[in-house]
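Residue numbers (this note's numbering), protein chains in the order written: chain A, 1 to 422; chain B, 1001 to 1412; chain C, 2001 to 2404.
Hints may be right or wrong, so weigh each one.
A few chain C residues that face chain A, going by a derived Cβ cut-off under 10 Å, partial list only [said to hold, decoys possible]: (1) Phe-2060; (2) Pro-2135; (3) Pro-2137; (4) Leu-2179.
The hints are simulated quantities; they were obtained by calculation from the structure and are not laboratory data.
Keep in mind it's a predicted model, so treat the numbers as computed, not measured.
Backbone N, C-alpha and C define an ideal beta-carbon position, used for all residues, glycine too.
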Amino acid sequence: MEFPHIFWGVFGWMIFWAVTGSIATRYFYLRRDLDTSNAPFVGAMLGASTGPIGLVPLCLNTPELTTRLMVMPALASVGVLMIAFGFADPENFCVANGSFVASQIVNGLIIGIIYGFMALGLTLIFSILGVVSFAHGEFYMIGGMITYFLTKVWLPGINPILAISLACLAAFAIGAAFERMFLTPMYEGKVDRPVEYGILVTFGLAFTIQYFVQATAGANPLKASRYFDFPRIRLPSSADPWLIKTSRGNMELFETISISNPRFTAAVMCIIVFGALMFFLHRTWTGKALRAVSQDREAAAIAGINPDRMNMLAFALGGMIAALAGAMLVQAFSWLPQVGAIPAMRSFVILVLGGLGSIPGAFVGGVIVGLFEAAGTGCLPDPQKAASYIPAYGMIILTLTLLLRPTGLFGRRFATGAHGKF
Amino acid sequence: MKRFGLLAATAILALAAYSGAAEAQSCPIKIGGLTPLSAPGAVGAGEGMRAAMLIAEKDINAAGGILGCDLKVIIADTEGLPEKASAMMEKLITQDGVVAVGGAYHSSVGVASKDVANNRKIPVVFAETWNDTITGDKQKFIFRIAPLSSWASSTLWQAALLVPNIKKVAILTENTDYGIPAAQETSKGLASGGVEAVTFSVDIGTQDYAGIVERMKAEKPDYIIVLATGEAGYNFAQQAADAGMGPQDIPFQAGQVALESKAYWENVPDGNFAFVQRIGTPANLWSEKALALNEAYKAVTNRGVIESYSMEAYDSIAILAQAINEAGTTDGDAIVAALEGISHEGTLGRIYFPYGTKKDPSVDGKGDEWWHQWPDVALTMIQYQEEGQSSVDAPIVWPDAYKTGEPIYVNQ
Amino acid sequence: MTRSRIPQAAGLFLVLFFAIFPFVYSANDYPYIMHTLIACFYYAILASSWSMLSGYAGQFSFGHMGFTGVGAYTAALFSHYFYLSPVPTGFCTEFLIGDQYLVIVDAIGVTSSTLTQDCLRKALAVWDGSVQITPMPVWLGIALGTIMGGVFGLLIGLLVLPLRAAYLALFTLGFSEILRATISAEIAITRGQAGIELPYLFDSGITLFGRHFDKTDKLPPYFVMLFLLLTCLAIMFWLTKSKFGLFVRALREDQDAAAALGVNTTRYKILVFVITSMMAAAAGAVMAHYIRIITPNNLMILQMSLVVAMAVIGGVENVIAAAIGAILINFALELLRNSFEIGPFTLDMTIWRLVVFGVLLMVTLRFFRNGLIAPLIDHFTRGHVAAETVAQRKVAADQAGGAS
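Produce the entire structure from the sequences given, and follow the hints as far as they go.
Structure follows, in structure tokens:
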């Protein structure tokens, strides 16, 4: 960094006013007996972006904290930080190289969509059962493993879609069986603290599956071949394809952004399945029943929905979605029995960021995490450290979200169920 | 009186012989084998090394064993963690009662476990731990047949300097005690040739390299060097290839893992024209012994070809067996004496240790790291020139002494 | 009445057993068994302090290994970068304190050759043995590590005040992961994955009762760790029996009700965080000095899961049961390392033992909710679980049964 003092000076100033703002705002809203759930977040963001100029009127007038009042300061503080960075490090690719920025953003978007999809299953499980499934990464791993062995070892030449479906079915069955065997005592009130029980028992499942797979399938890196090849496209003309150029495994847009085939197919698949899932949840009886249970367990039971069955469905479905993500990505990332750890960590971050239990929130959260990671790896001045910190970027978002706005972006407080308290 | 003295001497000698025999009677003789078998260690490599060490056990027993006993290789899982490594060394020595130890893959394992063995006077021949300090501490019981990290790095940068019009090199390294020093030495070497280097270090567990690849791309390097073990090496190579920065697009030195050709081609289908560093005698010069080992290894592991670390693991056990035979006892000091004078026809070549307690490296003006170090490790650079090629068939493109083919620089 | 004495007698017997064991046992694998036992005590401290935090106080944390890391790295960095020297080195940053110079060694990161030297080594080379430098005392490093653990515990405790259950678990997980990534990435200072080396617990050996123990001897660290374990257990046992324990328990059962009844929930929540993280940090620092190398891998979630599983299998609501569980499980895991041969099949227990462990964890949770050890203790000392708690659980069960 050329002028580190500029960046760190601005950063320190922002942190100072963010902390002051979050404490002061909460204090003033509390004194006037107003809802304080969003006050620390708005205070911190307004403080960070405008300093005392914005904070003083906020604390004096204590206006109603609308969505706009929450989003604008947040965007403004990101903007201020970016400007400070631009001045501090004018040579950085993130500042000086437009096509670099564009390709990083596209990368971040694509991986973000994939992350969001990974977290979808976890979100679904949480919204119905109130359990954070620590076995989420293992379902992801199983999906990849079964797809690999089906397409490459057991039935070579099998249609990849069929193989993926079979992998999903297997994950669904494992999820359903596990829920019946181990999660049922939670609902019957036999367990003292259901949330902790859920975490621990899924933890046990994760441990068992991971080492079982390692003991039986070995630990050599595996990878499935590409499921589909891109058709050959050269636009606007084959002589000068500045708009779009594809080869079997790669797509290049505007001669700057290149997207690899496995990522692209995975992202497209994620969007399609996300749409299908939204349709299922909003347009079919079973889906509506699922949502009803997530909103109010007892009321749903009175309306004739069997919450028990919905629990099983949600857990199995959540596992299946994770397996689907794993199956799609086994063509992009090499598979190992430990491969589930990273998706699991990202999913935790997104679950919290999106608002525990909010499905659109999971998707938006995924994109935000993807972009944040891309910005971190792309812009951190020291290339040695930029990549080493990748595991931390998501976790920083997670802790910040929990500190400033524990309900996440789209969060709501749940009325009933094990997740009634947070 | 004289006669009495003679009698006493004979008695002592007989007693010594007897006690030696008694020691030899404690069959089977056990040698420890350190290898990473669970995460976060490099499990794939670890499983290969285990297979090779067990083949060594079988071969030695078929040839009559050691001191009239069967050899038993006790495998210990280091998990690639220094703290586990010293615990496992402790276990091998005190619980299993091994008389010597071979194997080991991760440098950190070697650094952490060598003190334990040295304190307990148990000779160790490290197979694949490169960090210079392992022999640099000049410990009596520590030997190594792997190359020094500084030698391995010098192959990398010397080969890189031959790339036409080279100005800038991008290095991707894992942030471990193998990767970081290797990256430093490589950069230093490149700088001596007037070439700039940018180092990106990653956590070993990283899967998604898209951001790093883009950043490398923006640096516009002329050559890429990968210093990452395990699946990280595969993931990076393929994702770089996806983004148009792979071995088919610019000269690309893939990591050690690329030697495992079957897994390489599965994980990096677009990895043709990658350069790979190889340790040990090139395949075209392999002895009968190496060829036989290769066949046995392929049958056990179902892999395409034996990797150099597995050959090293095999040799580390075999050389210890020979040393024990030559020493005629399982006593640590005697084994060390035998090792210092050994000439072992291994699968890697003729193995010997010129410097040690009898001759300090400084006598020849060498650094401390030459202590108990096999000096003739052959370091070559091969290049995959056909898709699906086995690393044995791939031509050697550097150095000239071993050359079997011309390098292809893809972007020229 | 005599029945309820049985656990106390058994506990006394256990303590005596561990105190006498090193003097009685003399098989060949003595150092290995001792090493395993030291690791057992280490895990016992972690598992019992975690069960105090999570089981007893209901603050379900995944960051416990993070605190051991804080302790271990504080001790490691302290001993690695600070020395006392009677004369100035001329190369390093140094301050005159009394008649000694406090030398702060510069960070050179990870190098593979012995040629690159930090400033102190350069100075030593110049002096060529004419000056004796003093490393910092090990106990001071451990004390600093423990204090740092407490400071971090205080910070985390303050930050997690509004969080409960799943949120708390995820936040602490985040803390631990950030710490791990930072240590791995800041290679220049922490030496990253290469790990940072520490001096022996007793670098010049120790003489006790007229017998000299070498620095590599297992006996002194064994007793240090055992003493630390017993101290931690005693503190926690005393706490659970005092008013503090009552309040902390109330915190778990119903935080809002406890607050309404005038319990200062904030204070107790933070206190329990500080106390348990100090225990974890102390254990981490001692263990680091015993193993003599610390790497960020110690903070991995896998290590955390081991501790959690040990506590759960032992009995998560009883600190002593958790400690016993940890000792038994860690010992079993070590013993099961060997591979079994059943007829033509060779079962490589290195990996299968962990599968068994996972199944055991799930089954314990499902069918033995109080763990495997705690019910044994309870069996003899019935009446410690408050009657109200039992009644409350019953009511809750009835309600839930009625609702569905």
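Going through the hints against the structure:
no. : hint     : in the structure
1   : Phe-2060 : holds (5 Å)
2   : Pro-2135 : violated (30 Å)
3   : Pro-2137 : violated (33 Å)
4   : Leu-2179 : holds (9 Å)
The earlier numbered hints that this structure contradicts are 2 and 3.
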